[in-house]
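Start from the sequences and build out the full structure, keeping to the hints where you can.
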Amino acid sequence: MPTITLAQGLNEALRYCMQRDDRVVVMGEDVGKAGGVFRITDKLQQEFGEQRVIDTPLAESGIVGTGIGLAIYGFKPVCEMQFDGFTYPAFEQITSHLAKYRSRTMGKLPLSVVVRIPYGGGIGAVEHHSESLEAYFTHTAGLKVVTPSTPSDAFALLVDAIEDPDPVIFLEPKRRYWIREDVELPVTNGDRRKARIVREGTDVTILTYGPSVRTVEDAAEEAAKDGVACEVIDLRWLNPLDLETIMTSVKKTGRAVVVTEAPITGSFSAELAARIAEDDFLSLHAPVIRVGGYDIPYPPAKVEDLYLPDLDRVLDAVDAVLNY
Amino acid sequence: MKGFVDPGSVSTESVQVLKPDGTLVPDHGYDIDLKEEDLREIYRVMILTRRIDQESTNLQRQGELGVYTPALGQEGAQVGAAYALEPQDWIFPSYRELGFAMLRGVQPSHILHLFRGTWHGGLFDYREYCIAPYAVPIATQTLHAVGFATGAKIDGTNTVAITCFGDGATSEGDFHEACNFAGVWKTPVVFFCQNNQYAISVPLAKQTAAPTIAVKALGYGFPGVRVDGNDVLASYVVTREAVRRARRGEGPTLIEAVTYRRGPHSTADDPSRYRTDEELNTWEALDPIARFEKYLETEGVLTAEFKEQCDAEGREAASKLRKEIVGAGPLDPNLLFEHVYAERTPNLEEQFAQFKRDQEGQ
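Protein chains in written order, with my numbering: chain A, 1 to 324; chain B, 1 to 362.
Worth flagging that the hints you see were computed from the coordinates, not collected in a lab. Hints are supplied without guarantee of correctness; some may be wrong.
[To be verified] Subject to a maximum C-alpha distance of 27 Å in a straight line, what follows is the list of computed DSSO-like cross-link-like pairs (lysine-lysine):
hint, chain 1, residue 1, chain 2, residue 2
1, B, 19, B, 307
2, B, 19, A, 108
3, A, 251, A, 225
4, B, 186, A, 43
5, B, 216, B, 186
6, B, 19, B, 35
7, B, 2, B, 216
8, A, 108, B, 320
9, A, 33, A, 43
10, B, 320, B, 307
11, A, 108, B, 323
12, B, 323, B, 307
13, A, 194, A, 252
14, A, 251, A, 302
15, B, 186, A, 33
Structure representation (structure tokens):
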């Protein structure tokens, strides 16, 4: 079985979709000859030509806006934002049009568009290259939001996103681009619309996604040494959310911790905490505790480790819900 | 200084075919390839547009529409440009483009439902008429037109897209991105700017320091042209050339149709706060319909009988519009949950059930 990285999983997913459907086009800054700054679109232009792998001018609103036009025409564009922090110029096109077109045209002009965004910190980047945007998009009706944490999921979830009839914001955990997994492609097994139970446990449920999954896995391993059995859930899709898997676990453990990189105020972790409390308050033995970024601008690279949830902060939260 | 290019050297002349008095400009430089029936059709749609526009304003004043954005004074620019398109060419409008829709035969009430608050995108069939829903956020639709036309180009079809916007839109980033993308990709698209002198209250001079809007095209590597927007024939010939260029694979054109919004920006606006009666009178004297009418009469194309026929059609259409709008109830509220996604998500399913319980409780 070949070993691939998460980045290769994404690249293979694009190739797979472009081979199967000639309506799929890839567009963005440097996606052609360069193959993308993270090489996610590597060699696609060679294989599919300049008309299907489009090097766009440097303008994010233009990328998503023309992507919308292509979708109205009948193409299925996969738009790349080069970095999370450069997505903001496209925000109007995403929220005012991409998210709303199906509804405002009563389903007559649906937009099957994927916007890929490398997100999150941990790679020692300069400012504007380490942001977690998920809350903006989970807050916007009409968008779907998904984020993989493993190479096999990277492949399967991106194929699923491209084949989805609705606009999908596809968040790529950039500091995990190079993690490896033995994967037989194409990946077809399993219902990946469901959240993934990464590790089963009975004491605490830890909800997480994207780049934080690996951190939480390590923390759960550590907790196990102290006899604490954490159930780790990788959400995959933030919208639609698999609340069923979440609540089954929380009912079992009675305790939940949410771990994300995003600043916690107004975050998706706030949504999860609220949903759990609304859905089954009485099954909780402790309040839901969130571990996330502080409410400060994403810090400079030399001190970003102080910002990103790490093993100790996750374990502290686990202790807190256990000893409440 | 050596090497400095002076914007003052740009011509601010507009292409004109008909003088304000309705006589032909002798050396206008364009082939007028319109037969008598074409001229009558253009006239018919201009009359229809004005009548429906007026009725829409009336309907708003009577409380039947939440708001309306009158096109009064811009019928020449719009109908002339629209007539230069083939039926399969797509139009990406802003919210003041009634003339385009009237030429395509869209049922007026299907557009007006947007302003009544029935449904955001109106209720017409976009694919049947090849018109995208009205775009309210300024200039955003220009990018959609470029993307659509890019699709047509990739597919090797002969379809062209035109996008309509106002002078204010040329200050928005999306307009510049759209022009730039289209220039680089040589997209078969026409940028049709109706410079109606005001973005709500802000006059053109506070919108741009450029000598014309048309000249902006040069910065993106394609031609721009300024045209008298109250001259329907000039609007037609200039757009026809832009469309031909696009179809021949020569890329985009920016058209600046110089016109005037004689009504308010929207029915919620009071233009007396920012412009004078004298100015309005000047432009009323340049009315596009009166000018075209004089020309057609001189040419013997417009009989009293045909005029009456057009007026009668306008009256009937206005009365039909009124019937369809007045008292039209809201749509089934359950539709609000119907098209957010292809299928309702579990979360939305839950909220939909709650919504229905909430409605029953009332």
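inquiry  = Just to be careful, I want the Cα atoms of residue 108 of chain A and residue 323 of chain B compared with a cutoff of 27 Å; is the pair within it?
reply    = holds, 26 Å
query = When you check the alpha-carbon spacing of residue 186 of chain B and residue 33 of chain A, does it fall within 27 Å?
reply = Satisfied, since the Cα-Cα distance of roughly 20 Å is no more than 27 Å.
request  = With a cut-off of 27 Å on the C-alpha distance, tell me whether residue 251 of chain A and residue 225 of chain A pass.
outcome  = holds, 24 Å
ask   = Taken at face value, is the distance from the CA of residue 320 of chain B to the CA of residue 108 of chain A at most 27 Å?
value = The hint holds at about 25 Å.
ask   = Are the Cα atoms of residue 33 of chain A and residue 43 of chain A separated by 27 Å or less?
value = holds, 8 Å
request  = Would you check the hint for residue 186 of chain B and residue 43 of chain A, treating anything up to 27 Å between C-alpha atoms as holding?
outcome  = holds, 25 Å
message = Tell me if the straight-line CA distance from residue 320 of chain B to residue 307 of chain B falls inside 27 Å.
response = holds, 20 Å
query = Holds or violated: are the alpha carbons of residue 19 of chain B and residue 307 of chain B at most 27 Å from each other?
reply = With Cα atoms ~21 Å apart, residue 19 of chain B and residue 307 of chain B stay inside 27 Å; holds.
ask   = Taking only the CA atoms, is the gap from residue 19 of chain B to residue 108 of chain A under or equal to 27 Å?
value = violated, 43 Å
message = Please verify whether residue 216 of chain B and residue 186 of chain B have alpha carbons no more than 27 Å apart.
response = Since the Cα atoms of residue 216 of chain B and residue 186 of chain B sit roughly 16 Å apart, the hinted pair holds (cutoff 27 Å).
query = Does the alpha-carbon distance linking residue 194 of chain A and residue 252 of chain A stay inside the 27 Å limit?
reply = Within the cut-off at roughly 18 Å; holds.
message = Hint check: residue 323 of chain B vs residue 307 of chain B, CA-CA at most 27 Å. Holds or violated?
response = holds, 24 Å
Checked against the numbered hints given earlier, the structure breaks hints 2 and 14 and satisfies all the rest.
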